[in-house]
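Read top to bottom, the protein sequences are chains A and B. Here this note's numbering is used: the first residue of the first sequence is 1, the next is one more, and so on. Here this note's numbering is used: the first residue of the second sequence is 220, the next is one more, and so on.
Source of the hints: derived by calculation from the structure; they are not laboratory data. Fair warning: there could be bad hints in the mix.
[What the hints assert, rightly or not] Some chain B residues flagged as far from chain A (calculated, every beta-carbon gap over 10 angstroms):
#, residue
1, Q362
2, P403
3, H420
[Unchecked claim] Derived coverage of chain B by chain A (criterion: at least 3 residues anywhere in the stretch with Cβ under 8 angstroms from a Cβ of chain A; other residues may be distant):
#, stretch
4, 272 to 278
5, 333 to 342
6, 347 to 360
7, 381 to 387
Please read all numbers here as calculations on a predicted model, not as lab measurements. Backbone N, C-alpha and C fix where the C-beta goes; we use that ideal spot for every residue, glycine too.
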Amino acid sequence: MIWDWNFTLQILPILARAAVVSVEATLLGFVIAATLGLVLAVIRIAVPWTAWTISVLVELIRSTPLLIQIFFIYFVFPKFGLVLDAFTAGVLAIGIHYAAYCSEVYRAGFDNIHRGQWEASIALNLSSWTTFRDIIIPQAIPPIVPALGNYLVALFKETPLLSAIAVLELMQTAKIIGSETFRYTEPITLVGLFFLAMSLVSAALIRALERLLNRRNAR
Amino acid sequence: MTEQPMVRFDNVSKRYGSLTVLDGLNLEIARGEKVSIIGPSGSGKTTVLRMLMTLETINDGVIWVEGEPLTHMRQNGKLVPANLAHIRRIRAKIGMVFQSFNLFPHMTAMANCIEAPITVLGMKRADAEARAAELLDMVGLSQKKDHYPSQLSGGQQQRVAIARALAMRPKIMLFDEVTSALDPELVGEVLQVIRQIGREHDLTMLMVTHQMGFAKEFSDRVCFFYQGKICEQGPPGELFGAPKNERTRQFLHAVLEAG
Numbered sequence: 001m002i003w004d005w006n007f008t009l010q011i012l013p014i015l016a017r018a019a020v021v022s023v024e025a026t027l028l029g030f031v032i033a034a035t036l037g038l039v040l041a042v043i044r045i046a047v048p049w050t051a052w053t054i055s056v057l058v059e060l061i062r063s064t065p066l067l068i069q070i071f072f073i074y075f076v077f078p079k080f081g082l083v084l085d086a087f088t089a090g091v092l093a094i095g096i097h098y099a100a101y102c103s104e105v106y107r108a109g110f111d112n113i114h115r116g117q118w119e120a121s122i123a124l125n126l127s128s129w130t131t132f133r134d135i136i137i138p139q140a141i142p143p144i145v146p147a148l149g150n151y152l153v154a155l156f157k158e159t160p161l162l163s164a165i166a167v168l169e170l171m172q173t174a175k176i177i178g179s180e181t182f183r184y185t186e187p188i189t190l191v192g193l194f195f196l197a198m199s200l201v202s203a204a205l206i207r208a209l210e211r212l213l214n215r216r217n218a219r
Numbered sequence: 220m221t222e223q224p225m226v227r228f229d230n231v232s233k234r235y236g237s238l239t240v241l242d243g244l245n246l247e248i249a250r251g252e253k254v255s256i257i258g259p260s261g262s263g264k265t266t267v268l269r270m271l272m273t274l275e276t277i278n279d280g281v282i283w284v285e286g287e288p289l290t291h292m293r294q295n296g297k298l299v300p301a302n303l304a305h306i307r308r309i310r311a312k313i314g315m316v317f318q319s320f321n322l323f324p325h326m327t328a329m330a331n332c333i334e335a336p337i338t339v340l341g342m343k344r345a346d347a348e349a350r351a352a353e354l355l356d357m358v359g360l361s362q363k364k365d366h367y368p369s370q371l372s373g374g375q376q377q378r379v380a381i382a383r384a385l386a387m388r389p390k391i392m393l394f395d396e397v398t399s400a401l402d403p404e405l406v407g408e409v410l411q412v413i414r415q416i417g418r419e420h421d422l423t424m425l426m427v428t429h430q431m432g433f434a435k436e437f438s439d440r441v442c443f444f445y446q447g448k449i450c451e452q453g454p455p456g457e458l459f460g461a462p463k464n465e466r467t468r469q470f471l472h473a474v475l476e477a478g
C-alpha cells in the first residue's frame, strides 16, 4: 500500500505541532525582515554617507545562499562569542536575508514619491524623522504591499532550510518520522500540502489587504 | 541707521556643472516689500526662490535673512557652512507655495495645515486646528477642510497650500509660479487670496510669476531676470511703462503679445 491512512492520522498531530514552529519562524523572521529592511532603506536616504556601505551589505547578503548564512550564524558566530540556539540563529538568518530584499522594495517605494513631497516637507521645516514617519512612509508603503507579501510567502517556503541546523520545524520533523518508520511518503506529502495550503491562504490575505489599501487610497 | 533688509543676496552664484544659473546675484528685499520676479525660462528666477527655501545649495556668496546668514554660521569670526539646527532656525521664517501645490495627498486639507504646526512648532492639536480653521476660512475653504487633495480643484488645492504655509507664521512668503499649473478660470481665485494676504499680513513676499497684470498691480518692485542676472528692476509702473533695457522691452513685448 502506497498511502496508509492510519499512519497519516497518527503522525498528523506531531506534524501539526511542528507546523506551529514553522509558522512562528516565518512570522518572527518576517518581522525582522520588514523592520530591518525599512530601517536600512531609511538610513540609506537620511544619512547619505552610509548609502555605499549599505548597498554593499545588501548585495553581499543577496548574493550568498541563505543556507550558508544560517550555518554562519549558527556555527561561526559562537567562535566570536555569540552562541545562539538553533531556532534563534535560524530566524535571525532568515530575517536578515530577507531584510536585504525588503530594503530594496522599500527603496523602490521611496523612489516613487514625488520630489515635491520632500520639498514641501523642507519648506514646512519638518524634521527628517517627521518627514519619513508622516509624509513619506505612509505614501510609500501601500503600493509595495504586494511585493512585501511575495517575500513573506517566499520566506515561509524557505523555512525548511532550518532543518539543516536541526530546528524541529515541519521538514525536520517529517525527516525524523521518515527515518524512524521508514515511511517517507505520508510525512513529506503532508508537509508539501501544508505549505501549499498556507501559501494560498497568505496570498489571498495579501490580495485582500491590497484591495483594502487601494480603496483607502482611491479617496 | 537704516532698517535691516529682510532678505539680502550677497554675491550669490549657483552653478550646475559648467552651467551658471545665477551669476553673482545681489538683491535686497525690505521688510513687508512685495517683489515680483519675471523673465524668460532658464533665466534663474525660480532658482532664487529655491535657494532661499534651502531646496538648492549655493556655490558662492551668502544669503542673509534678517541679518543672519541662512546657510552659514559664524565660527571664529569666519562664515562656515551651517549645521542643520541653524538652517532650520532661520528657515522657520520662510514659507513657500509651489507651482504643483505639493499637498500631502494622504491627508485632508485640515491635516495638511496642522501637520507642521504640531510637529515643528509643538502646538497643541486643538490650537493648531483652530488656527488652521481660520486660515482655511480666509482662503474660502472652510467647507472643504475634511476633503482630500484629490477631491479638490487645482485652485482649491493651491489655496489649501497657501493656508498650510501661512499656518507656520512665516515672515517671508515665496510664490513659485503658483498659477502656472491652473486652468485659466481658476487663476483668479488664487490671485485674489494672495492679494488679500498681501493686504492683511505684514508679510514680505517674493513671487516668480508670468501674470504680468498681477505683478504690475500687486508688487512694490519688479525684477527682470535674464541669463542669471537681474537685467533691470524698478517700480512696476516704470518697468512695465518705460523699460530702459532692450532685453526687458523684447521680453515684455513677447509676453504681452502672447497674453
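query: Would H420(B) pass as off the interface with chain A, using Cβ distances and a cut of 10 angstroms?
result: holds (17 angstroms)
message: Taking 8 angstroms as the Cβ threshold, is the statement that the stretch 333 to 342 of chain B is covered by chain A upheld or broken by the three-residue rule?
response: holds (count 4)
query: the stretch 347 to 360 of chain B covered by chain A? Criterion: 3 or more residues, Cβ-Cβ distance below 8 angstroms.
result: This one is violated; 0 residues, fewer than the three required, reach chain A with a Cβ under 8 angstroms.
query: Can the stretch 272 to 278 of chain B be counted as covered by chain A under the rule of three residues or more with Cβ-Cβ separation shorter than 8 angstroms?
result: holds (count 3)
- request: Confirm or reject the statement that Q362(B) sits farther than 10 angstroms, beta carbon to beta carbon, from all of chain A.
  value: holds (17 angstroms)
field: Proximity test - 8 angstroms, beta-carbon atoms, the stretch 381 to 387 of chain B to chain A, at least three hits
entry: holds (count 3)
- request: Decide, holds or violated, for the assertion that all CB atoms of chain A are farther than 10 angstroms from the CB of P403(B).
  value: holds (22 angstroms)
Of the numbered hints listed earlier, the single one contradicted by the structure is hint 6.
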